[in-house]
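Undergrad: Listed below are the residues making up each chain.
Protein chains: 4
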Amino acid sequence: MGTVRIGSTVIGGGTFAIIAGPCAVESQQQFLKVSMFLKELGVQILRGGIYKLRTDPNSFQGLREEAIAWLPEIKQHIGLPLVSEITDPRQVEKLDPVVDCYQVGTRNMYNYELLKELGKTRKPVILKRGFSALIKEWLLATEYLLAGGNDQIILCERGIRTFETFTRNTLDLAAVAYIKSKTQFPVIVDPSHAAGSSDLVLPLAKAAKAVGADGVLIEVHAEPSQALSDADQALNFMGMQALFKELS
Amino acid sequence: MGTVRIGSTVIGGGTFAIIAGPCAVESQQQFLKVSMFLKELGVQILRGGIYKLRTDPNSFQGLREEAIAWLPEIKQHIGLPLVSEITDPRQVEKLDPVVDCYQVGTRNMYNYELLKELGKTRKPVILKRGFSALIKEWLLATEYLLAGGNDQIILCERGIRTFETFTRNTLDLAAVAYIKSKTQFPVIVDPSHAAGSSDLVLPLAKAAKAVGADGVLIEVHAEPSQALSDADQALNFMGMQALFKELS
Amino acid sequence: MGTVRIGSTVIGGGTFAIIAGPCAVESQQQFLKVSMFLKELGVQILRGGIYKLRTDPNSFQGLREEAIAWLPEIKQHIGLPLVSEITDPRQVEKLDPVVDCYQVGTRNMYNYELLKELGKTRKPVILKRGFSALIKEWLLATEYLLAGGNDQIILCERGIRTFETFTRNTLDLAAVAYIKSKTQFPVIVDPSHAAGSSDLVLPLAKAAKAVGADGVLIEVHAEPSQALSDADQALNFMGMQALFKELS
Amino acid sequence: MGTVRIGSTVIGGGTFAIIAGPCAVESQQQFLKVSMFLKELGVQILRGGIYKLRTDPNSFQGLREEAIAWLPEIKQHIGLPLVSEITDPRQVEKLDPVVDCYQVGTRNMYNYELLKELGKTRKPVILKRGFSALIKEWLLATEYLLAGGNDQIILCERGIRTFETFTRNTLDLAAVAYIKSKTQFPVIVDPSHAAGSSDLVLPLAKAAKAVGADGVLIEVHAEPSQALSDADQALNFMGMQALFKELS
Chain A
244 MGTVRIGSTV
254 IGGGTFAIIA
264 GPCAVESQQQ
274 FLKVSMFLKE
284 LGVQILRGGI
294 YKLRTDPNSF
304 QGLREEAIAW
314 LPEIKQHIGL
324 PLVSEITDPR
334 QVEKLDPVVD
344 CYQVGTRNMY
354 NYELLKELGK
364 TRKPVILKRG
374 FSALIKEWLL
384 ATEYLLAGGN
394 DQIILCERGI
404 RTFETFTRNT
414 LDLAAVAYIK
424 SKTQFPVIVD
434 PSHAAGSSDL
444 VLPLAKAAKA
454 VGADGVLIEV
464 HAEPSQALSD
474 ADQALNFMGM
484 QALFKELS
Chain B
244 MGTVRIGSTV
254 IGGGTFAIIA
264 GPCAVESQQQ
274 FLKVSMFLKE
284 LGVQILRGGI
294 YKLRTDPNSF
304 QGLREEAIAW
314 LPEIKQHIGL
324 PLVSEITDPR
334 QVEKLDPVVD
344 CYQVGTRNMY
354 NYELLKELGK
364 TRKPVILKRG
374 FSALIKEWLL
384 ATEYLLAGGN
394 DQIILCERGI
404 RTFETFTRNT
414 LDLAAVAYIK
424 SKTQFPVIVD
434 PSHAAGSSDL
444 VLPLAKAAKA
454 VGADGVLIEV
464 HAEPSQALSD
474 ADQALNFMGM
484 QALFKELS
Chain C
244 MGTVRIGSTV
254 IGGGTFAIIA
264 GPCAVESQQQ
274 FLKVSMFLKE
284 LGVQILRGGI
294 YKLRTDPNSF
304 QGLREEAIAW
314 LPEIKQHIGL
324 PLVSEITDPR
334 QVEKLDPVVD
344 CYQVGTRNMY
354 NYELLKELGK
364 TRKPVILKRG
374 FSALIKEWLL
384 ATEYLLAGGN
394 DQIILCERGI
404 RTFETFTRNT
414 LDLAAVAYIK
424 SKTQFPVIVD
434 PSHAAGSSDL
444 VLPLAKAAKA
454 VGADGVLIEV
464 HAEPSQALSD
474 ADQALNFMGM
484 QALFKELS
Chain D
244 MGTVRIGSTV
254 IGGGTFAIIA
264 GPCAVESQQQ
274 FLKVSMFLKE
284 LGVQILRGGI
294 YKLRTDPNSF
304 QGLREEAIAW
314 LPEIKQHIGL
324 PLVSEITDPR
334 QVEKLDPVVD
344 CYQVGTRNMY
354 NYELLKELGK
364 TRKPVILKRG
374 FSALIKEWLL
384 ATEYLLAGGN
394 DQIILCERGI
404 RTFETFTRNT
414 LDLAAVAYIK
424 SKTQFPVIVD
434 PSHAAGSSDL
444 VLPLAKAAKA
454 VGADGVLIEV
464 HAEPSQALSD
474 ADQALNFMGM
484 QALFKELS
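Residue numbers (the working numbering), protein chains in the order written: chain A, 244 to 491; chain B, 244 to 491; chain C, 244 to 491; chain D, 244 to 491.
A portion of the hints provided could be inaccurate.
Identical chains blur together in the list; that is why a pair holds if it fits in one copy or across any two.
Capping the alpha-carbon separation at 25 Å, the derived lysine to any residue pairs in SDA-like fashion look like this [what the hints assert, rightly or not]: (1) Lys-423 - Phe-487; (2) Lys-359 - Leu-296; (3) Lys-359 - Ile-321; (4) Lys-363 - Asn-393; (5) Lys-425 - Asp-473; (6) Lys-488 - Glu-308; (7) Lys-379 - Lys-488; (8) Lys-488 - Asn-301; (9) Lys-425 - Ser-440.
If you are wondering where the hints come from, they were derived from the structure by calculation, not from laboratory data.
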């Protein structure tokens with residue numbers, strides 16, 4: 244613990260990591276375009292959803308096995324590590340060839356059977372906080388990973404559910420400060436999901452850095468209005484450039 | 244929809260069902276004792292956890308495959324249907340011989356891969372509301388089951404997470420009234436998890452019936468203080484007798 | 244404590260009181276019409292706002308001193324006691340001639356200077372729970388009244404603020420059961436504000452009675468759609484008749 | 244709007260103000276000691292409670308009129324403006340000689356009769372967000388001040404009430420970014436009440452600055468463990484020195 248390596252980048256230990264990419268891998272072309280832009284900008288770790296968990300079953304569920312088929316070649320071309328969400332313990336094998344760091348999403352923080360399965364791997368895991376998870380429960384969830392021998396854990400604060408409706412979630416930066424002061428885990432922040440609108444992403448990312456977070460997870464899309472998911476909160480390329488310049 | 248049958252008992256359609264049993268199946272002796280007591284009392288459906296989801300990985304995780312081995316024989320002796328929680332899509336096959344109705348717990352309401360798997364079965368599913376699930380999200384989760392062709396769905400309100408700490412959760416009976424007025428789903432209430440203490444179970448169960456719920460799900464233990472989980476909220480036999488007498 | 248008398252009606256001690264009336268006193272004619280209807284129905288205590296607390300300063304703020312001028316004569320004609328909200332310590336003197344029971348609204352539960360002033364009176368006080376008041380804070384607020392020598396206190400649960408948006412507030416009936424089991428205070432329930440829509444009022448009122456509440460506080464209007472406040476949740480006369488018949 | 248002047252210090256408009264002082268004025272000696280320390284440090288605006296709103300009526304309620312008697316002389320000696328909370332519309336006259344900026348506390352954000360009274364004054368008002376106030380309600384509350392002609396309004400985010408218990412409240416910095424982007428009001432942050440423990444005050448204050456707040460409100464005490472209120476969250480002099488150095 245203390246630091247976790249994704250590809251050749253160290254998370255924790257005093258640096259500030261910027262992980263960025265689209266909410267979902269939507270096509271070869273879309274993913275290549277945003278990834279090459281991010282690489283040129285200096286981003287060292289990509290994110291992109293292959294299996295998506297959507298509240299509405301009629302919403303886009305991710306390209307799934309289709310993307311897994313062509314991602315190895317595209318990734319080799321890009322040359323950056325990829326963070327992607329896992330939503331089922333049976334996906335470990337499928338995702339293994341294309342994913343450098345598993346992400347456990349908000350909806351699965353309490354999915355202990357999935358955590359046990361990831362505990363058996365030796366790849367890093369970004370564990371997002373549940374919609375209404377107590378800090379105590381979040382930290383206990385890490386023990387399901389640790390029990391299996393996987394201590395490559397990065398916690399990710401992404402906003403909690405409150406009565407407020409002007410923002411999508413309420414970003415709890417005190418939780419970041421608390422966990423940094425009491426544990427050894429690297430903690431990153433996802434300001435995109437917290438805010439729910441792209442204009443709040445930069446100020447929240449700056450606040451995340453100021454409070455002591457070890458990095459941020461940012462949604463970027465070449466044309467946010469055309470994104471198949473999370474269109475309102477994705478930064479466009481210009482927004483991402485501004486954020487990268489301010490934070491790195 | 245409208246009504247769902249578990250064993251020979253119909254849930255919905257104007258009757259009030261009392262489903263009861265221990266939080267967890269702890270041993271043959273414990274399960275037999277509480278089940279025979281409940282059968283004699285007139286309870287027609289049993290509950291009992293085989294796979295348990297616990298916040299702390301060091302807490303009792305259920306007897307799991309061990310219980311599945313001996314449950315068929317015990318169940319035949321008792322002669323009542325069993326509701327039990329499923330926590331992983333890979334458990335469907337294992338649980339099939341011993342479970343008459345799957346329960347999807349609070350922690351798994353958003354586990355859509357699990358819901359898709361249960362959508363393929365034709366057994367009834369009790370879908371508990373997530374800790375902080377909007378009614379809208381809860382209803383959308385049913386569509387993952389319906390999409391697979393399984394319309395044997397019973398919703399279960401079990402309290403939501405709020406700022407209040409004197410009760411374990413805040414039982415949202417208006418959600419029950421709302422769903423009954425807008426949908427065809429049977430809705431039951433779990434007052435045990437909502438209350439978190441046994442003395443509040445009876446008044447909340449009565450309120451559930453009055454608000455229009457189709458039944459309740461009650462935790463019972465021969466000696467609550469010895470229960471391996473949820474000791475504070477389980478009714479003892481005397482408490483269960485009183486509840487059954489008042490509500491049936 | 245244990246029971247509190249409003250006019251000649253005892254609240255607490257095993258009976259179930261139905262307090263009803265318009266959200267606001269809007270005119271002599273409106274108040275007389277709804278009051279005479281309620282009296283004929285058998286309702287024994289009226290409610291009606293004279294000073295209104297509205298989130299938007301441009302919303303109707305109540306008739307205020309204008310209503311106080313003509314209420315004594317109208318009240319004599321009607322012959323029923325009146326519950327009305329007090330929103331400022333300086334209103335005690337003004338309201339004294341027309342009010343038989345003060346109501347402290349949700350927005351003022353923490354207004355301790357107001358509570359101290361009401362502690363000096365000897366009239367009953369209905370103390371509503373704050374939007375997000377802990378049960379502990381609610382009970383401590385009563386001590387501001389008790390310290391002044393006024394023990395004529397009725398607590399009123401009216402729903403708490405949560406993430407749910409399909410209902411206006413989340414009615415916390417477990418709080419009612421908890422307080423009834425631990426204290427001597429009569430507790431009533433306001434299902435109108437909790438629900439936010441008139442069709443949920445009856446099922447919630449029935450649940451309130453079943454959980455052990457000592458009464459309900461119901462908003463009624465001759466023509467709800469014309470009400471100057473809370474139009475969506477007021478019962479019309481037919482709805483009120485149905486509720487009265489079921490609950491008394 | 245846009246900027247508000249307290250004494251000779253401008254809040255808003257690109258500067259970052261540090262307002263500091265004890266939770267409560269406890270004695271001449273205590274207040275003088277902490278004030279002179281803060282003045283020497285470079286702090287330009289003091290805070291200190293004269294009338295305290297406490298959940299428990301047996302807790303210290305502030306020195307009240309006793310402090311008002313001697314504060315003018317002490318203040319002249321110190322030479323800094325004072326922010327202090329007003330808890331009753333009848334206190335305006337009493338506080339006028341000693342207060343340079345009124346603070347409306349969390350418990351009184353919905354106390355519209357108090358806001359109307361402050362709308363008639365021409366002194367600046369710091370309006371804290373209610374425990375569970377929607378941003379919409381908070382902004383509407385300012386209209387009660389504006390309607391009276393007082394536009395000297397500073398909003399103060401101090402944490403909202405959520406399910407989390409490891410922190411006293413959940414600081415909502417997205418609300419700060421939101422309000423700064425949509426309105427002209429200066430917004431400050433109270434990290435002391437949000438955190439509830441002194442070790443989280445500095446990281447949250449840094450995050451507040453980074454997110455775009457116009458200042459912070461900090462509780463300081465010569466000996467926090469001896470404070471009559473909020474002992475856990477007050478900074479000692481060394482902590483305050485560190486914070487001032489980092490943020491100014």
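Undergrad: Of the hints given before, which are not true for this structure?
TA: 3, 6, 7 and 8
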